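Participant: Chains as they are written, first to last, in my numbering: chain A, 293 to 392; chain B, 434 to 573.
Treat each hint with caution, since some may be false.
Unchecked claim - With a straight-line cut-off of 20 Å between C-alpha atoms, the simulated SDA-like cross-links for lysine to any residue are: (1) B:480 with A:376; (2) B:543 with A:303; (3) B:565 with A:381; (4) B:480 with A:294.
Unchecked claim - Footprint (simulated), chain A over chain B, 3 or more residues, beta carbon under 8 Å: (5) 479-491; (6) 496-507; (7) 512-521.
I should point out that these hints are in silico values taken from the structure, not numbers from a laboratory. It should be emphasised that the depicted structure is a prediction, and the values quoted were computed from it without experimental measurement. Glycine residues also receive a C-beta, built at the ideal position from the N, C-alpha and C atoms.
Residue-level listing of the chains:
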Amino acid sequence: MIPMLAEIRIGVARRRRLHLWLPLFLVWILLAALLVLLSPLILIGLVALSVCCLIRRHNPIVLIRIVGSAIVRFGGVLAALTGVHIQIQSPGADVVVRVL
Amino acid sequence: MSEERKKILDMLGDGKINAEQAERLIAALSGGGSGASDDAGSSKPLKYLRVIVDAESHPGQPPTKVNVRVPMQLLRAGMRLSALIPAQARDQVNHALHEQGIPLDLGQIKPENLEALIEQLRDLTVDVDDPKAKVRVFCE
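Okay, chain A solo, but in the shape it has when bound (with noise of 0.2 Å):
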C-alpha cells in the first residue's frame, strides 16, 4: 500500500516543537492528474525516442523497458516506504520520523 501520510516532529531543546502531517496522498492524486496532462507530451517523446534509436541502429523497446522498469522499481520503493518509523531522542532534541 502506498504511503498515505507521514509524521514529523522535530524537537530541539529550548525552542518551539515542530510538529508536521504531510498528507502524501494529495501528492500522488496531483502526479496523478500531471501524468493525465503530460501523457500526450510523453506519447510524443517516446515517439522521438524511438525516431532517434531507429537512426541509431539502436532497438528502442530496450530502452522503453529499461526506463519502463526503473519507474515501476523506484514506485515499489516509494511504495514500501509505508511502516517506516525512525524516532531519535537525545538531551538535546527528540526527531520521530513515521510513514503511514
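Could you slot chain B onto chain A? The hints should help.
Facilitator: Same frame as chain A, now just chain B:
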C-alpha cells in the same frame, strides 16, 4: 489445501511436531487465535527490521535513544532496485566490497535468493551490551 496446512501436516508426518501442536497450528491458521503458540509465530512472515540503541549521554542527563523500524518490503524493493545498477558500476562495487573483506557479488542477489536471505534474518539478533550503550538489531 493451503500451503501452510500442507507444511504443518508434513511436519507432523516427519515427527517434528506432535498431533496436539499440529492441531494448535491449524487452529491458529484458521483464525482460532487462542491456540497460537511460538511455533505459529515462527511461520509468520517477517515485517520489520528493528534497530534500538540506548546510549548514555553526559552525566546527569537522560540517555540518548534511537528506535528505527524499517519494513522488510523496503529492503526487498531496494534490492530489486540494485538490479538497475549498470554492470560496470556493479563490478566496481563488488571490487570495493572485496577490498573491505566482504565477498559479496551484487549480481548474485536474485529475487529467489533475496527471499531466502530475508527468511534467514528471522534468527538474526544482534545484542551489543556495553556499559555506555546498548544496541539491539532484530527482525519481527
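Participant: Hints first: check each against the structure and report whether it holds.
Facilitator: Hints, one by one, checked against the model:
1. B:480 with A:376: Cα-Cα ~11 Å, so holds.
2. B:543 with A:303: Distance ~42 Å between residue 543 of chain B and residue 303 of chain A Cα, so the pair is violated.
3. B:565 with A:381: holds, 16 Å
4. B:480 with A:294: holds, 16 Å
5. 479-491: holds (count 4)
6. 496-507: holds (count 10)
7. 512-521: With 4 residues in contact (Cβ-Cβ under 8 Å with chain A), the coverage given for the stretch 512-521 of chain B holds.
The structure shown violates just one earlier hint, number 2.
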